[in-house]
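K.L.:
In order, the protein sequence lines correspond to chains A and B.
Under the working numbering, the residues of the first sequence are numbered 1 to 204, in order.
Under the working numbering, the residues of the second sequence are numbered 205 to 413, in order.
Certain hints may be false.
Unchecked claim - Straight-line C-alpha distance at most 30 Å; calculated DSSO-like pairs for lysine-lysine:
#1 A:K18 with B:K368
#2 A:K29 with A:K15
#3 A:K54 with B:K216
#4 B:K216 with A:K148
What the hints assert, rightly or not - Far from chain A, by Cβ distances over 10 Å, these chain B residues were calculated:
#5 D249
#6 T305
#7 K311
#8 P346
#9 L363
The hints are simulated quantities; they were obtained by calculation from the structure and are not laboratory data.
Note that the Cβ used here is the ideal one computed from N, Cα and C, for glycine as well.
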Amino acid sequence: MNVNAPLRLKDGAGKFFKELLTLFLTFLKIGIVCFGGGYTMIALIERDVVEKKKWLTTEEMMDILAVAESTPGPISMNTATYVGTKRAGFLGALACTLGTALPSFLIIFAISFFIEEFESLTYVGYAFRGIRVAVLVLIFNAVLKMFKNVEKGVFTVCVMIAVLLVCLLTDFYVIYTLLICAAIGIVYNFSVRAVRYTRGYKKQ
Amino acid sequence: MIYLTLFWTFFKIGLFTIGGGYAMIPLINSEVIRNGWLNESQLLDFIAISESTPGAFAINIATFVGTSAAGFFGAVCATLGVIAPSLLIIFLIAKLFRKLTEKTIVKDAFFALRPAVVGLIGYAFLTLTMQVIFGGAEIHDPNSFQNVDFWAIGIFFVLFILSKMHFKVPRFRQKHPQVKEYRRVTLHPVFIILLSAVMGILVYGVILR
């Protein structure tokens with residue numbers, strides 16, 4: 001994984017603050033349209049952060065998602081913090097996190113004063129029934145894109161199906177599922193290497 | 205000092221909700237109702253509203269509880285409290301990530317974690333589909349597929365095809381002004397969301413009235 005060193009204040013104050021502003025505005029935009037929580041954000045990050053700005057690779061994004069799922073806090077915040085840290089250290093992390101949080105903070109703050117009226121706006125309700133379908137489409141595209149980027153093999157496809165089934169059929173905690181997957185990955189790769197090593201050894 | 209209490213309560217809630225979002229509802233329930241900031245029905249109403257506004261559920265609920273407990277600064281304190289743990293933890297992890305990912309054992313773990321994440325998001329997609337299109341049906345109970353929203357299926361396919369289509373757009377800066385150059389673009393997700401809102405109003409507000 002190729003990670004460029006984060007920008008620092010001593011690299012030039014103008015450049016540094018410009019980067020902070022870009023980070024803040026990019027994540028502000030994502031925060032405004034991030035309906036339906038973290039998973040919608042994946043589609044937006046894929047488009048703006050991975051494809052357009054090239055701040056992350058798709059592979060790196062999936063690694064972050066795995067970390068974000070198994071650490072405290074919302075997925076959107078965790079991803080924003082990671083990208084910010086990578087680009088411009090702690091202040092970058094702060095800029096991205098505040099950018100993501102600000103729109104929903106302002107919207108909810110405004111709504112909380114006329115919460116009963118908001119519930120009775122019928123056309124808003126109709127619009128949201130449509131938006132929920134768009135959220136489905138965005139998540140579906142994110143799954144397709146990530147499926148394309150996973151190394152395909154018997155092992156990875158089995159892990160994918162196993163995780164899906166465990167989630168569907170049991171109430172097992174996500175973090176334990178992920179920890180077990182990590183352990184299985186370590187054991188699997190270790191045994192693959194061990195088998196290769198002994199085979200090579202026998203040939204000699 | 206209500207501001208400190210709000211900050212500290214939401215700091216704890218942020219720290220202990222792994223996997224995000226709805227995992228925090230039980231914790232919020234006990235903490236928020238114990239402090240008398242909201243009652244149970246207000247909380248339920250708000251969960252419904254939170255689903256139809258942008259942003260993470262955690263931020264939304266923190267802002268709402270903060271506002272109703274202590275106004276604007278209450279909202280600021282609660283929101284900062286819920287953000288702080290993930291900011292600090294991910295900041296530390298991101299600092300270490302570069303060195304960590306060079307280790308074989310971490311690479312091996314992520315080899316299995318990547319497909320696992322695809323499975324997890326696939327699951328999120330299936331549960332959401334059950335709610336949005338099949339009217340809250342259970343996936344392992346064939347008898348519960350009664351309120352199928354066929355219009356939603358239609359909207360889904362229209363939006364899906366649109367999101368996969370490539371459009372030819374003239375290049376903004378032409379290298380050779382004599383020859384018209386194009387670049388192929390797909391629709392931005394924001395446009396898909398806006399379009400879906402219009403389609404929702406058209407279908408549910410005009411056609412199905």
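K.L.:
All hints, please: hold or fail.
P.N.:
To see whether the hints hold, each was checked on the structure:
1. For the hint linking K18 of chain A to K368 of chain B, the alpha-carbon distance of about 34 Å lies beyond 30 Å, and the restraint is violated.
2. With a CA separation close to 21 Å, the supplied pair K29 of chain A and K15 of chain A stays within the 30 Å bound.
3. At roughly 35 Å between alpha-carbon atoms, K54 of chain A and K216 of chain B are farther apart than 30 Å, so this suggested pair is violated.
4. Distance restraint check for K216 of chain B and K148 of chain A: the Cα-Cα separation of roughly 38 Å exceeds the 30 Å cut-off, and the hinted pair is therefore not satisfied.
5. Annotated as non-interface, D249 of chain B brings its C-beta within 10 Å of a C-beta of chain A; the closest such distance is 7 Å.
6. Chain A draws T305 of chain B into its interface by the beta-carbon criterion, the shortest separation being 5 Å against a cut-off of 10 Å.
7. Residue-level check failed: K311 of chain B sits 8 Å from the nearest beta carbon of chain A, not beyond 10 Å.
8. Taking the minimum C-beta to C-beta distance to chain A, about 15 Å, the non-interface status of P346 of chain B holds against the 10 Å cut.
9. A Cβ of chain A approaches the Cβ of L363 of chain B within 10 Å, the least distance being about 4 Å, so the stated non-interface status is violated.
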